[in-house]
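K.L.:
As given, the protein sequences belong to chains A and B, one line each in that order.
The first sequence begins at 1 in the UniProt record's numbering and counts up by one.
The second sequence begins at 1 in the UniProt record's numbering and counts up by one.
Please note that the accuracy of each hint is not assured.
[To be verified] Below are the DSSO-like pairs computed for lysine-lysine, each with C-alpha atoms no more than 30 Å apart in a straight line: (1) K190/A - K201/B; (2) K187/A - K273/A; (3) K190/A - K273/A; (4) K273/A - K4/B; (5) K187/A - K4/B.
[What the hints assert, rightly or not] Residues of chain A clear of chain B, computed beta-carbon distances all greater than 10 Å: (6) P38; (7) W62; (8) S64; (9) K76; (10) V90; (11) I198; (12) T199; (13) E241; (14) L270.
Quick caveat, the hints were computed from the structure, so don't treat them as lab data.
Note that CB positions come from ideal geometry on N, CA and C, so glycine has one too.
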Amino acid sequence: MVENRPWANFFAHLTLMVGVAVVVFPVYVALVASTQAPGDLLRGTLPMLPGAHGIENFTRMWQSGVSNAGAPPAGKMLWNSFIMAMAITVGKLSISLLSAFAIVYFRFRFRMFFFWLIFLTLMLPVEVRIIPTFQVVADLNMLNSFAGLSIPLIASATATFLFRQFFMTIPEEMLEAARVDGAGPLKFFKDILMPLSITNIAALFVIMFIYGWNQYLWPLLITTDPDYYTIVMGIQRMTSEENPQWHLIMAAVVMAALPPVLVILFMQRLFVKGLTETEK
Amino acid sequence: MQTKRMTFPGRFLPYALLAPQVIITLIFFIWPAGQALYQSLLREDAFGLRTTFVGLENFARLFRDGSYLNSLSVTVVFAVGTTLLSMTVALLLACTVNRMIRSRSTYTTLLVWPYAIAPAIAGVLWWFIFNPSIGIVPYMLDMVGYQWNHRTSGADAMLLVIFAAAWKQISYNFLFFLAGLQSIPQSLIEAAAIDGASPMKRFWTIVFPLLSPTTFFLMVVNVVYAMFDTFGIIHATTQGGPAQATNTLVYKVYADGFVGLNLGSSAAQSVILMVIVVALTVVQFRFIERRVNY
Numbered sequence: 001m002v003e004n005r006p007w008a009n010f011f012a013h014l015t016l017m018v019g020v021a022v023v024v025f026p027v028y029v030a031l032v033a034s035t036q037a038p039g040d041l042l043r044g045t046l047p048m049l050p051g052a053h054g055i056e057n058f059t060r061m062w063q064s065g066v067s068n069a070g071a072p073p074a075g076k077m078l079w080n081s082f083i084m085a086m087a088i089t090v091g092k093l094s095i096s097l098l099s100a101f102a103i104v105y106f107r108f109r110f111r112m113f114f115f116w117l118i119f120l121t122l123m124l125p126v127e128v129r130i131i132p133t134f135q136v137v138a139d140l141n142m143l144n145s146f147a148g149l150s151i152p153l154i155a156s157a158t159a160t161f162l163f164r165q166f167f168m169t170i171p172e173e174m175l176e177a178a179r180v181d182g183a184g185p186l187k188f189f190k191d192i193l194m195p196l197s198i199t200n201i202a203a204l205f206v207i208m209f210i211y212g213w214n215q216y217l218w219p220l221l222i223t224t225d226p227d228y229y230t231i232v233m234g235i236q237r238m239t240s241e242e243n244p245q246w247h248l249i250m251a252a253v254v255m256a257a258l259p260p261v262l263v264i265l266f267m268q269r270l271f272v273k274g275l276t277e278t279e280k
Numbered sequence: 001m002q003t004k005r006m007t008f009p010g011r012f013l014p015y016a017l018l019a020p021q022v023i024i025t026l027i028f029f030i031w032p033a034g035q036a037l038y039q040s041l042l043r044e045d046a047f048g049l050r051t052t053f054v055g056l057e058n059f060a061r062l063f064r065d066g067s068y069l070n071s072l073s074v075t076v077v078f079a080v081g082t083t084l085l086s087m088t089v090a091l092l093l094a095c096t097v098n099r100m101i102r103s104r105s106t107y108t109t110l111l112v113w114p115y116a117i118a119p120a121i122a123g124v125l126w127w128f129i130f131n132p133s134i135g136i137v138p139y140m141l142d143m144v145g146y147q148w149n150h151r152t153s154g155a156d157a158m159l160l161v162i163f164a165a166a167w168k169q170i171s172y173n174f175l176f177f178l179a180g181l182q183s184i185p186q187s188l189i190e191a192a193a194i195d196g197a198s199p200m201k202r203f204w205t206i207v208f209p210l211l212s213p214t215t216f217f218l219m220v221v222n223v224v225y226a227m228f229d230t231f232g233i234i235h236a237t238t239q240g241g242p243a244q245a246t247n248t249l250v251y252k253v254y255a256d257g258f259v260g261l262n263l264g265s266s267a268a269q270s271v272i273l274m275v276i277v278v279a280l281t282v283v284q285f286r287f288i289e290r291r292v293n294y
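Looking at chain A on its own, in the form it has when it is part of the complex:
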């Protein structure tokens, strides 16, 4: 800051507080709604202060869900989301590490070809090839399974590029020293590359976990069996019925939003690192 202007400071804080209020408002409303009794949300306007039925609503949602909407208990859906997000994250990270390692530390025929093949995936988000991808997964009998939920999403050009970029910055001497000491490629990968990339892996882990957790279209397409519903898509089933039970839906919304928000809040530095690096 260049000059001291008390009024400008005051307005700056005011702007930020309004900004934070706007950002927090929708979630505050969700929290308030999730603590109301069933009838409270049917008449007039929504109360602005939390009610007394929070624990009741959350327990009900967690244990039994909104059964008449065909949605399973939230506990089950959260668990499914967690498995899907973890499978996508771990899968993306491991195959990207391996392919970046191959591209940087080996010379072989068709290297450029494979590189561009991986690059192409960047240009083909699920949203633009919905039906053919669905057909492939259906032909492979992967509908309604965790494999079908996660495997088609784990190819990752961004993670491969990021690791390639990072491997290029590792000094040549590392490899020379390792080879002089007689380390093979796999030993070098496991004992030198992996420990060096741990911060990058952690940063990407945060981003990928959020990406995996928030998947919506894909689970919506390939799960018809409520046993495999994930929480983010399950909420849509509850809101699309005739008289949505908002107090329960909002309890589910809070539960669905909490895990990724906690990840960001507790790993903010890694999150920012991952976000700015994946977009480079």
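Using the hints provided, position chain B relative to the given structure of chain A.
P.N.:
Coordinates of chain B only, in the frame set by chain A:
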């Protein structure tokens, strides 16, 4: 493209290392994309009994089809609205946070977490706030005499999805603007201040031009986000309605293909979307190359 000066010898190992990534790419990316290209040239009759090769007829039909052209303009309005709204708010917040010294990290934490919220959930949240019968905002709007109803008014529905999409994207833009602001040398701003430039003048003549690489990058990213990542917002709230007012291109691919089972048309739409993604990716990469030399 370079490798290391020294590499490992290995005839099969590199292929084995690449295999998982390449197999998944081929099965779940390249093959479906090829299928979409192929199907975009075919037409099935109403009973799905016979498929005929129709060349580019599906594409020609799309561009004669009023509902597709409508969807195109809806997408443009939605993308421009979302990008402008979220970037303006984010830039304002980032500039203000950048003035702060002690409270900077607190405000940053308070502003970044919406990134974690799924688009579909963001949609449900705003849908609930704006719910015509119990929502809080329509109640307030009613007091100033505006009847909000996104179930009947297309403009209201569009505003609703723009709010939800922009709200979620503010945190992302904010982080990148803040990083961009922090890389501007303080000495430039101090020099301008000594010469008597007011804060407004300093912003428009120094900060804003120096931020332009970030701004341009974010514009591309936001347009991509608004076009492709907002399916959840539309599907969980308006479902493209009322009267097609929020039927964006991505939602229409889904609706025509999965609900309407019009495979040829949906595949042709997929192909058009792929062309758009490729164009946007090229723009983004060309720009990044330039930024390196900047």
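K.L.:
Would you mind marking each hint as holding or not holding in the structure?
P.N.:
Okay, the hints, checked on the actual structure:
As the CA atoms of K190/A and K201/B are separated by approximately 55 Å, the hinted pair breaks the 30 Å bound. About 28 Å separates the Cα atoms of K187/A and K273/A, which keeps this hinted pair within 30 Å; it holds. Distance restraint check for K190/A and K273/A: the Cα-Cα separation of roughly 23 Å lies within the 30 Å cut-off, and the hinted pair is therefore satisfied. Proximity of K273/A to K4/B is assessed by CA-CA distance (about 25 Å); at most 30 Å being required, the pair is judged to hold.
Distance restraint check for K187/A and K4/B: the Cα-Cα separation of roughly 17 Å lies within the 30 Å cut-off, and the hinted pair is therefore satisfied. Look at P38/A: its CB is around 13 Å from the nearest CB on chain B, clear of 10 Å, so calling it non-interface holds up. Taking the minimum C-beta to C-beta distance to chain B, about 17 Å, the non-interface status of W62/A holds against the 10 Å cut. For S64/A, the condition that its CB be more than 10 Å from all CB atoms of chain B holds, with the nearest at approximately 20 Å.
Separation of K76/A from chain B is adequate, the least Cβ-Cβ distance of about 18 Å exceeding the 10 Å criterion. In this structure V90/A is separated from chain B by more than 10 Å, as the shortest Cβ-Cβ distance comes to about 12 Å. Listed as outside the interface, I198/A is consistent with that label: its C-beta sits roughly 20 Å from the nearest C-beta of chain B, beyond the 10 Å cut-off. Under the 10 Å C-beta cut-off, the non-interface status given to T199/A relative to chain B holds; the minimum distance is some 18 Å.
Residue placement check: E241/A keeps its beta carbon more than 10 Å from all beta carbons of chain B (closest about 13 Å). With 10 Å as the threshold on Cβ separation, the claim that L270/A sits away from chain B holds: the shortest Cβ distance comes to roughly 12 Å.
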